[in-house]
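**Q** Sequence:
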Amino acid sequence: MAGTLQAPRIIHEFGYALHAKDVDHILRPDINNCVKLSPITLVQHSVREYIGAKFGAVWVSRMNDIVTADYVPSEDEPFMNERQKSYFRLKLVTWKNDILREARETLEILQQENANHPDLADRASSETDRAIELRARDRQRKLISKIDSALQRLDEGTYGYCEETGEPIALKRLDARPIATLSIEAQERHERREKVYRDD
Numbered sequence: 001m002a003g004t005l006q007a008p009r010i011i012h013e014f015g016y017a018l019h020a021k022d023v024d025h026i027l028r029p030d031i032n033n034c035v036k037l038s039p040i041t042l043v044q045h046s047v048r049e050y051i052g053a054k055f056g057a058v059w060v061s062r063m064n065d066i067v068t069a070d071y072v073p074s075e076d077e078p079f080m081n082e083r084q085k086s087y088f089r090l091k092l093v094t095w096k097n098d099i100l101r102e103a104r105e106t107l108e109i110l111q112q113e114n115a116n117h118p119d120l121a122d123r124a125s126s127e128t129d130r131a132i133e134l135r136a137r138d139r140q141r142k143l144i145s146k147i148d149s150a151l152q153r154l155d156e157g158t159y160g161y162c163e164e165t166g167e168p169i170a171l172k173r174l175d176a177r178p179i180a181t182l183s184i185e186a187q188e189r190h191e192r193r194e195k196v197y198r199d200d
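Quick note: the sequence shown uses UniProt numbering, first residue 1, plus one each step.
These aren't lab readings, by the way, just hints derived from the structure by calculation.
Some hints here could point you the wrong way.
Here are the simulated DSS-like pairs of lysine-lysine, each with C-alpha atoms no more than 30 Å apart in a straight line [said to hold, decoys possible]:
1. Lys172 with Lys195
2. Lys142 with Lys91
3. Lys172 with Lys91
Required output: the full structure, derived from the provided sequences and hints.
**A** Right, here's the structure in full:
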C-alpha cells in the first residue's frame, strides 16, 4: 500500500534494519513511493533481499555505502560511529529474522508430522518432540528479547557500553556476541560472583 509515511515509520516496518538518523538521506527522496512492509516478509526474506526486491539494486548499493559486505568495525574508528551502529543494527535484525524463520519452519514440520502419524506410538513420540521444540522456542523467545533490547540500546545511544562500568565493550566481543551488555572483564567478575554464591 503506497502512502506518505514518515521515515521513522518506514524504518520501523523494516524491523529497524535501517534507522532514520542513520540513513534518512537515503529514504527521504523516495518517501512517497515507499510501501508498507509486512511482518511475514521480514520472516521470509533477509533485510538486504527485501530491500533489493522492493526498491531495486540502487537501494542496496546506497545501503552498502554505509555498511559494505566486507566492512568490519575497527578500533581505529571512533567508537560507535554511525557506520558501526548501522553494522550492528543490520547484524542484530538479520539474526532475529533468521531465528523467526527457523522457528516457523520447525513449527510447520511438527504440524506435518502430527498430521502424518495417527498411530498412538507415533503420536507419543511426536509429543516428546513437541516438548523439546517448546523448550527450544522458549530459548528463542528469550534470545529475541535480548536482541530487541540491544536494538533499543542502539536507539538510545547506549549500545556497546558496559552496563557495569560504562566503558566501551571490545568490538571483537560485540561482533561475536552483539547482544553483550558487559565487557569481558565485567562478565568474568559477574561469573566469579555467581560461582561464589553457588558454592555458598
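**Q** Next, verify each hint and record whether it holds.
**A** Status of the hints after comparison with the structure:
Only pairs whose Cα atoms come within 30 Å are accepted, and Lys172 paired with Lys195 is accepted, the gap being roughly 26 Å. Between Lys142 and Lys91 the CA atoms are separated by roughly 18 Å; this keeps the pair inside 30 Å, and the hint holds. Among the hinted pairs, Lys172 with Lys91 is consistent with the structure: their alpha-carbon atoms are about 14 Å apart, no more than 30 Å.
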